[in-house]
Amino acid sequence: MEIRKVLLEPSERAEHLPEETKNVPFEARVRGFLMRDANVGEEVEIETPIGRFIKGTLVAENPPFTHGFGRPVRELVEVSRELRREIGPS
Amino acid sequence: MRKSLAGLDYDRFELGGIAFDYEKLMDSVPYTLDEVFKIQRECKVSGTPLFELNNVNTLVRKHAGKGKGARILLKDEAANASGSFKDRRASLSVYHAKRTGYEGVIAATSGNYGAAVASQAAQRRLRCIVVQEAYDSKGIGQPEILEKGRKCEAYGAEVWQLTVGPELFYWDLALLEETGFFNASLYTPYAIMGIETLGYEIGTEVKATFGREPDYVVVTHAGGGNVTGTARGLEKAGCKNTKIVAVSVDLRGLHMASDTDFNRKSFTTGHTGFGVPFAVNPDRTDVPRNAARPLRYMDRYLLVSQGEVFYATELLAALEGIERGPAGNTSLAAALKLARELSEDNIIVVQETEYTGAGKHPYAQLTFADEMGIEIRRGNPRENVPGKRIVIPRSFVDLSYEEYPLKDLKKKRVENAIQELKVKSLRDYEARFLAEEVKEDVEFVTNALREKGFGID
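If you read the sequences in order, they're chains A and B. In terms of this note's numbering, the first sequence opens at residue 19 and continues consecutively. In terms of this note's numbering, the second sequence opens at residue 5 and continues consecutively.
Take the hints with a grain of salt, since some may be wrong.
[Unchecked claim] Heads up, simulated SDA-like pairs for lysine to any residue below, C-alpha to C-alpha not over 20 Å straight-line:
{"hint": "1", "chain 1": "B", "residue 1": "K142", "chain 2": "A", "residue 2": "A78"}
{"hint": "2", "chain 1": "B", "residue 1": "K142", "chain 2": "A", "residue 2": "V24"}
{"hint": "3", "chain 1": "B", "residue 1": "K411", "chain 2": "B", "residue 2": "K456"}
Everything labelled a hint here was simulated from the structure, so no lab data went into it.
Chain B on its own, in the form it takes in the complex (with noise of 0.2 Å):
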């Protein structure tokens, strides 16, 4: 696949073979922490409110056994400018493409963050590009990513809906190349960095409130960044014991580049179809190394059902009266069941939350499913399968998580940096690189080497 730069001379960060120095690729952003606190205040991103969801929260200990029943606390995410938490994501890109005198910006992306870069650019005056894949080859469109569509309209952008396959990204490369506008992808460390200043909101306020670090905060993850900022934020605020919990849809079974399966998928982010690959193959992107890297940083990695996530947006607006976009809360789906599990006295952060809209809403989504011939009733959620039945749990205490192997997915990373640039033995200096990309020690990477044949020199 061909590269854009976004601006990078990436070769500096190459230090030979499979290897490469991620903290100075991520050192080379220009700005501190607090500059870009600044520039994303100036265009209405950060300071979201973090929530305790008192209802919730009764309820869950209604549920727990004693001196069980963790308290869950929200970021909500969706009171940024363009309603998520891409609008940090974007910021930074946005704002270097701006300083650094580009005319435009281009990004591709089928999620909220396209509404988030034209949100920005509009606020930096700045042309925009957006590239969606939105329809099947029939014409039919995924309800939610037609809204996104119809959001960066509203902003200004020119909006480039694509039928299924990945040559999204050849398209993207091609009006690149024809406008010179800049690369803002979702993959930069300037996007990884703009995710940091929520990852430091979190920290900050609730060691300020509660007077400890947060125990957990769970992270929707689908390409990795929400998941590599939010934990370097974290870090940063000083946070050295918080757990780093992803959480996926489960849409495992259903192929993303294929034509029919596009339409029988009730989410379109959050999902295992961009989970799993991007753990495990994170420079397969529009860049040369991508910035987002969430293996370094996960401590648990646990899947959902559609229909848990569907019933824990139904939930936050019946008990705490907000209502926000379903995608965003699939974390909050696997922390209902985590927080039952956990000591009471343990905080619990659900990092984003998303708007919600025509489109992105559960009824839309279900109406959308209905009409592809999709299942829908109660039931326990574990007999959802994706693309044929969604299963919406018959009571709270039905909704549980899938502890994925996160060990799998370690040594599935190690094999693919391997086989990627066809080597049959590693220096040492690449298996501490490895070691480092899956948060193991060398060892780990010998013994995952050798279980797959290859050597160490």
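This is chain A alone, in the form it adopts within the complex (with noise of 0.2 Å):
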């Protein structure tokens, strides 16, 4: 489970932040097991993997993880055949 929660209101940031910073708020989100059943957008608590108890906005059940490989980069293929190429068989 993933919950989010607001730490700073923007009025509450540090001084001296680019504009576009000090305008969101400042926000945390963590992952661990829910207490109770709940509807993503609830307020809930969770228990994180260390056994501590959270309490935040439930933002998604078991999201999965959304970084990967890409794609294959055109300009960083090229790159691998001419360096072989350059260098030959030994």
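Hints in hand, dock the two standalone chains.
Below you can see the structure in the form of structure tokens.
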């Protein structure tokens, strides 16, 4: 389960921040085990992997990891071929 | 900024005014280098392979003038427990936390250091919290950081993924207070001494194999710990003439606290956004005195572009058969040009690699950059514009670096020291301290201050 929690409202943020940062809240996301059944958007409590309890808004039930390897990037695939061609067989 | 003490009485290192006793701070670590090695070996850290890059060296010599083309060696730090040199940095802090009775450790980091602390904590059976800057306000995460967060969770850590902003340190300190856990800060003497084993291994291994000191050790530079610890370890291995070359990815122009610039970076560490401020303002961290003081050790500071580091990463896979994460290859990118300029009997050591994986891969980072509207093309790497355009070099000979004027950094460090304390003049012991801080003589400090209208008592 993933929860989301506002730690600082825009008015509470540090001085000397760029405007685009100062105008948005300072937020956290934490994953853990849900203590009771709940729907996305509800206030819930989770137990973290080290056994602490944290309250926040339920963002998603078991959200997947979304980072991957991307697409093969032509500009770099070319580099690999060029270098191997240049060095040749031993 | 409020500070955490990590179990140390920092007051006893203060000498008055701006000065403190740096060596006394480092000597406060109650473990010898031999003991540090033992502590690290217990938890799958240190003793990493030092490879000669044979195919890369052939290519370097093909494109070097007569008598030129230094030999490049690579210290494969990805072989540490969690896949980077950061395991060395974490190992001693976590061991010390355990020995002194703490229940858990906390680290504030978006980098490999989080995984390292989590991995060491798992092995020492401590609880672990990692605090990361991970998302922009739209909830879009940096792929490289999301992967590091996943890895921390794999080692059983509680991970706080925060939006952009320096308030990360405020939250870190709040969690330290709430839990009473040990602050496994990146900047304590434990963290830095843990890295000394890396420099020590490089020095002793190169001397044993080649009968000479390494001529150059190139170090990816961000917060300054890698430079500091490696250089100190080399000194302990008796390397007196080895030049320390710090290298950062050039991200000048991007604001590090900007919610919109955050995801326009294709590197989240090893870049100028950390490298420059941490060199000129080392004590702006979560501890009162930072044990990472890179200007005490740096002989040169080189900048490379994002495209050049991606090229170097591809080269390592294509020619040497090892895939390693891009950020750790920052120093490799500079070494490829440096080697062509140096004599063929010189030895250059690229002192780290990091693991690669989902999110931490050139394709992942370039795909993300493309989605963020950043132009990617082949060309002259000097046409690279951070946050706007990534230029992959057209050929090996396009790889280059920009020499950052080190004297300017040193002057800035001296100037900042005075301004922080709002004093107008310095006592002579403070001037001597600053001279040591920037590896220059007192005259350099005096001149730098006169240029800015300050005096010396």
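Status of each hint after checking the structure:
Between K142 (chain B) and A78 (chain A) the CA atoms are separated by roughly 15 Å; this keeps the pair inside 20 Å, and the hint holds. Between K142 (chain B) and V24 (chain A) the CA atoms are separated by roughly 13 Å; this keeps the pair inside 20 Å, and the hint holds. Distance hint between K411 (chain B) and K456 (chain B) is fulfilled; the C-alpha atoms sit about 15 Å from each other, no more than 20 Å.
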